[in-house]
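Q: What follows is each chain in one-letter form.
Protein chains: 2
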Amino acid sequence: MKSEFEFINNLKSRFSLAHVGDDCAVLLKDDKTDLLVTADLLIEDIDFRLEWTTPEFLGHKALAVSLSDIAAMGGTPKWALMSIGVPKDLWKTDFLDLFYDGWHELAENHGVDLVGGDISRSPDRLVIDSMVGGEVEHGRALLRSGAKPGDSIFVTGYIGGAAAGLALLESGHNFSDKISASVRHLLFRQLQPIPQITTGKLLQTYGLPTAMCDLSDGLSSDISHLIAASAVGAQIYAERLPIDPAIEGANKASPVSLDLALNGGEDLELLFTTGKEKRSVALDLGFHEIGEITSNKGVVELVCQESVERLEPRGYSHF
Amino acid sequence: MKSEFEFINNLKSRFSLAHVGDDCAVLLKDDKTDLLVTADLLIEDIDFRLEWTTPEFLGHKALAVSLSDIAAMGGTPKWALMSIGVPKDLWKTDFLDLFYDGWHELAENHGVDLVGGDISRSPDRLVIDSMVGGEVEHGRALLRSGAKPGDSIFVTGYIGGAAAGLALLESGHNFSDKISASVRHLLFRQLQPIPQITTGKLLQTYGLPTAMCDLSDGLSSDISHLIAASAVGAQIYAERLPIDPAIEGANKASPVSLDLALNGGEDLELLFTTGKEKRSVALDLGFHEIGEITSNKGVVELVCQESVERLEPRGYSHF
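Respectively, the protein sequence lines represent chains A and B.
The first sequence finishes on residue 325 if you use the working numbering, and the numbering steps up by one all the way, no holes.
The second sequence finishes on residue 325 if you use the working numbering, and the numbering steps up by one all the way, no holes.
Source of the hints: derived by calculation from the structure; they are not laboratory data.
Check the hints yourself; a few may be wrong.
Identical chains share a label here; the pair holds if one copy fits it or two copies do between them.
Cross-link-like lysine-lysine pairs, in silico, PhoX-like; alpha carbons within 20 Å at most [claimed, not checked]:
(1) 282 to 154
(2) 35 to 84
(3) 94 to 8
(4) 38 to 207
(5) 154 to 284
(6) 18 to 84
(7) 84 to 207
(8) 18 to 8
(9) 207 to 284
(10) 303 to 154
(11) 8 to 98
Can you make the complete structure from the sequences, with help from the hints?
A: Below, the structure is given as structure tokens:
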């Protein structure tokens, strides 16, 4: 069965869609500014479960995933549309008020205005489509397509935590009094992820990245999209992956924690490449170097202690 | 139970949302141009039924409802995002290919580019969120809020046809060989409505409307939103309503056809008001005068042959 990525690529070629395929579409706003737009659809029981989260967390996360797309282009978010399909029993409660409280708190932190959207009834499941518009200096949006062989690959923060948080929810954990600080941290990584707006803008201002995207599907998938767009390959050094220290066994790079870091999504950290001349700046800024771009087009290799193996995209796919 | 309109008004006041409430949000694009953005959420078994339509019609309609919002501001549509949640069994078929064929045909007619969106799996029902961005001369978007007492109220075309088409679908009609031209016309009005982009731009260029919106929820509801935004009242002349001639009994303004014209939505015609000095221009252009704006704030009256009764909003409401 075709994946959604294959479907989108097919659609792009059928209709010559020039703007589709990066974290955001980049459109001309005026002589000095480009407009960035992005949409993220979240459907109950596919993308979230109401029993594992709170309305406020869900409102936060619905906006956070779209802000992360703006961050991945080095942009500044400006406005948002929110479409929401609500089952009748949920409509009768204060769910939506609390949802918008969570949404608004994050929006206010980033100066984002809610300008519109739509409300529909839904037969039985909550449906959320979050759209954000942002801005970036004309011609300066950070695309996935600029990576060159020899560039270093960086991530902005710890990874695997959001997926570890999801596994904890799946195994029945919640915010009770008895959980450890580590478990609490991982649940927050899953339920209330932080979009890297400030970091994305800093990277854009410094002109560091040759290519960039956010870590939403999982590193193995996100790097494969980046190298496809750049027509290059990549080597990832397993031992240098900044596995979230709250994950049990993170410091030993156990198979489980390695899997979470490589294939778990939703951390909303940024993945970027940078040329040799700016590598030391990226290191000085505290970013984590995890590999190197190669000329081995379309191939991602995972370098472990004594072996090199091919890394297939095993991050999240809807189909 | 509160309606979605009450919920949105509450949200507007809680978070001081200045841009919410018209057919589109109006944002500054550059010195000469305003950006218009709108979103429309369509959920299977609430907003459409797959057994009553075709993938191509549905793709057309998903875009048409958003284009109609741009038309209602007197704008020109430019780009679109499409988010779609698809059940697995539908994903395996050619449904989405045909859906995008229908979408693209209408988009191409209006020079609209698909620039992004999102695809998610949905547990069991198709979910579509259509977002369109457009442009209008700075400060010249046609809002709902400019109607003044004494203004004439116009609609751009026949009304009630889309609702009559829905009633036909509900009673088992479809595009078989045996249907009459009238039934065929009404089914098309429901399944493949035409957004009034050209008419909206013409009205904007002539500077005719003092206020405008599209007829999507139904005249009784749409006029109530317009008078609320303008802080005025309205009188509607029942006998002047341009009831779709394909509706049985339309020429006699029967109770059934009157109900369809007043409370049936989705015709995607435009409803506008114009001052006395331009009334004759609107008449010359062939638009239908259906009433007059009054100073009776918040009240819509329906003037029949020998009676004046209060017209309550009975158009479509999700809750």
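Q: Determine for every hint whether it applies to the structure shown.
A: Hints and how they fare:
| no. | hint | verdict |
| --- | --- | --- |
| 1 | 282 to 154 | within (10 Å within a copy, 66 Å between copies) |
| 2 | 35 to 84 | both (13 Å within a copy, 12 Å between copies) |
| 3 | 94 to 8 | between (34 Å within a copy, 11 Å between copies) |
| 4 | 38 to 207 | within (16 Å within a copy, 28 Å between copies) |
| 5 | 154 to 284 | within (13 Å within a copy, 62 Å between copies) |
| 6 | 18 to 84 | between (27 Å within a copy, 18 Å between copies) |
| 7 | 84 to 207 | within (14 Å within a copy, 27 Å between copies) |
| 8 | 18 to 8 | within (15 Å within a copy, 42 Å between copies) |
| 9 | 207 to 284 | within (16 Å within a copy, 51 Å between copies) |
| 10 | 303 to 154 | within (11 Å within a copy, 65 Å between copies) |
| 11 | 8 to 98 | between (39 Å within a copy, 8 Å between copies) |
Checked against the numbered hints given earlier, this structure breaks none of them.
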